[in-house]
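Protein chains: 2
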Amino acid sequence: MQKVRRGSKNVLTIVVVLLSIFLTHLLSADDEDADLLKKAINIFGTLPQAMTSEKNPITSEKVKLGKILFYETRISVGGTVSCARCHPIGLYATDGLRKSIGNHCKVNPRNAPTILNAAGQISAHWIGNRKNVEDQARQSVIGPPSFGMPSYEAVVKKLKEMKGYGELFKKAFPIDNDPITVDNLAKAIGAFERTLVTPSHFDSFLKGDITALNRKEKGGLKTYIEADCIMCHSGPYVGGQMYETFGIFEPYWKYTKSEQIDEGRYVVTKNDADQYVFKVPILRNVGKTAPYFHDGSVDKLENAVWIMGKIQLGKDLNKAQVEEVVAFLKSLTGIIPEDALKIPLLPSMD
Amino acid sequence: MQKVRRGSKNVLTIVVVLLSIFLTHLLSADDEDADLLKKAINIFGTLPQAMTSEKNPITSEKVKLGKILFYETRISVGGTVSCARCHPIGLYATDGLRKSIGNHCKVNPRNAPTILNAAGQISAHWIGNRKNVEDQARQSVIGPPSFGMPSYEAVVKKLKEMKGYGELFKKAFPIDNDPITVDNLAKAIGAFERTLVTPSHFDSFLKGDITALNRKEKGGLKTYIEADCIMCHSGPYVGGQMYETFGIFEPYWKYTKSEQIDEGRYVVTKNDADQYVFKVPILRNVGKTAPYFHDGSVDKLENAVWIMGKIQLGKDLNKAQVEEVVAFLKSLTGIIPEDALKIPLLPSMD
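Chains as they are written, first to last, in numbering that gives the first Met the number 0: chain A, 0 to 349; chain B, 0 to 349.
There may be inaccurate statements among the hints.
Because identical chains cannot be distinguished in the list, a pair is counted as satisfied if it fits within a single copy or across any two copies.
Within a straight-line C-alpha distance of at most 30 Å, the following computed DSSO-like cross-link-like pairs (lysine-lysine) qualify [what the hints assert, rightly or not]:
#, residue 1, residue 2
1, K105, K157
2, K162, K329
3, K299, K169
4, K63, K341
5, K329, K341
6, K314, K169
7, K37, K256
8, K329, K309
Keep in mind that the hints were calculated from the coordinates and are not lab data.
Whenever a hint applies, use it, and build me the whole structure from the sequences.
What follows is the structure, encoded as structure tokens:
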């Protein structure tokens with residue numbers, strides 16, 4: 000009996016020890032997750048439902064018109080360019096090209112960034128030479144490598160030639176006497192783009208559902224935070240809030256093998272400090288928007304992440320780290336609003 | 000009293016006469032409508048729900064893949080051409096150009112016909128040099144002015160590089176060992192296009208609802224029948240069933256002011272009888288698919304109708320006749336299937 004009792008005691012001890020190890024592990028994993036969540040909430044905040052603007056309030060009539068105009072090729076020189084040409088929604092509003100091709104096969108100076116969540120940024124375009132999505136739309140219609148129209152007047156003339164637009168502009172801008180203007184075109188397209196917020200399962204995580212990210216994605220988020228990626232790519236859009244030199248530790252072209260060296264924001268400001276400075280891009284849907292960087296010089300997200308570590312943070316991320324960061328970044332692939340996935344019918348010519 | 004009675008009699012006579020005129024008119028209008036409907040049913044028949052093919056049965060998985068491939072630019076040389084480039088659904092699957100612009104700004108030889116209802120035709124393309132919608136899709140990917148790929152193998156290689164396509168092709172062609180082939184691409188796109196039937200209020204008329212067409216549209220239909228437009232443009236798709244010389248009474252270019260003279264089907268057959276012969280286009284949605292004719296040389300539907308009367312029928316239709324025929328033709332503007340108006344998300348590169 001003594002032996003049996005001693006044996007029972009031993010078994011009990013083992014069970015208690017194992018249980019306590021298990022519970023400690025569980026608790027510490029929970030603690031770790033809770034800690035990660037807390038940090039993440041501080042770093043990323045909450046994704047809004049739409050990217051509102053006081054100057055351009057979102058109305059359903061403006062969004063309706065804006066979505067139609069988004070597909071309108073007939074207001075471009077040559078009739079082949081629309082917003083959707085470089086930002087096809089089915090490709091997460093990028094075109095898969097290194098640099099977009101506009102009217103008459105003109106090559107755009109930089110890679111087409113996605114317009115999903117883009118209205119949440121401090122400015123538009125890689126070098127911040129467009130104030131906001133409205134300004135981007137406005138300037139595109141006369142941009143030589145994009146729509147290439149000779150003047151705003153020429154755009155208005157084309158719009159007025161298509162009978163259906165009169166009523167659409169009137170409904171979207173009811174107090175305007177002569178609503179077909181390029182400013183209103185820009186506001187309508189801007190209003191549409193301001194609806195293009197794409198929540199993902201990372202947002203479920205941020206709302207407290209710790210299971211919304213798997214172990215690898217959480218590991219990636221942790222590495223992403225600890226490696227200091229959040230120095231630039233933070234906030235609800237995971238970037239888009241500041242400018243930064245591309246290549247802090249080493250020249251970027253050494254790693255991207257870029258064909259041309261782009262002076263970045265220097266082109267806009269002519270300030271030496273802005274040499275090779277670019278707007279920090281948003282990383283939402285980054286798993287769907289290859290190729291990467293301002294010149295689309297890198298095809299694979301894994302390579303882009305490693306290069307960023309190397310030249311922005313001075314860190315040589317190992318394969319496992321890169322892979323888990325990529326897993327985290329892919330958790331930012333979001334849901335495109337249903338209405339934006341519906342093709343609008345365009346007004347006919349007469 | 001006699002006077003009064005005589006007066007009453009007179010009033011009664013007038014009432015009876017007016018009533019009988021009114022009733023005769025009503026009855027004759029009804030008779031006329033019934034007669035028109037009967038003729039129309041004989042001439043146009045019934046629009047099917049889908050344009051089926053024994054060789055390529057429509058399945059939901061094929062249609063799903065086909066719709067994705069329809070938007071796929073990454074299988075074209077230069078990465079800017081997809082089916083949707085020349086056939087954007089929002090523009091009733093035409094591009095509004097005289098002649099479509101393909102890869103590297105190459106100009107296509109003829110105007111892009113709509114692909115709505117196109118699978119119901121005897122062949123594809125203006126000169127019938129594509130057997131059907133599947134053949135059209137297959138040849139497009141290597142067509143020099145369209146996708147411009149160097150070979151079918153190059154297309155397959157591109158598709159295989161994009162991870163998501165493996166599963167999509169497997170589901171669409173479950174018994175194939177190696178389902179990613181250009182034949183299957185063609186079948187999938189073809190299956191999608193075979194769903195693109197667009198019923199309009201003309202079809203409600205054909206089903207017996209005489210009120211579905213207004214007076215002007217019915218007048219136009221009557222003129223359309225009496226002027227012999229139905230010699231070629233008949234059947235459920237209102238055309239697409241035969242080849243015909245363009246310019247029977249006079250050379251077409253005299254009226255269309257075409258920049259080049261197109262020899263039409265002669266290019267395919269080298270048969271002298273096929274000089275200036277083209278496939279009779281379908282007229283469904285013709286009110287939405289300007290510009291007109293094989294070279295898009297005519298912008299206005301009114302002009303196109305008048306020219307057709309002149310050079311095909313030897314008839315100088317007057318303004319009123321042209322206007323009512325146009326009103327009838329616009330009653331052929333149909334409803335695009337809801338699923339075709341939803342943008343599919345494309346597989347990402349990795």
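Legend entry - Hints violated by the structure (numbers, ascending): 6, 7
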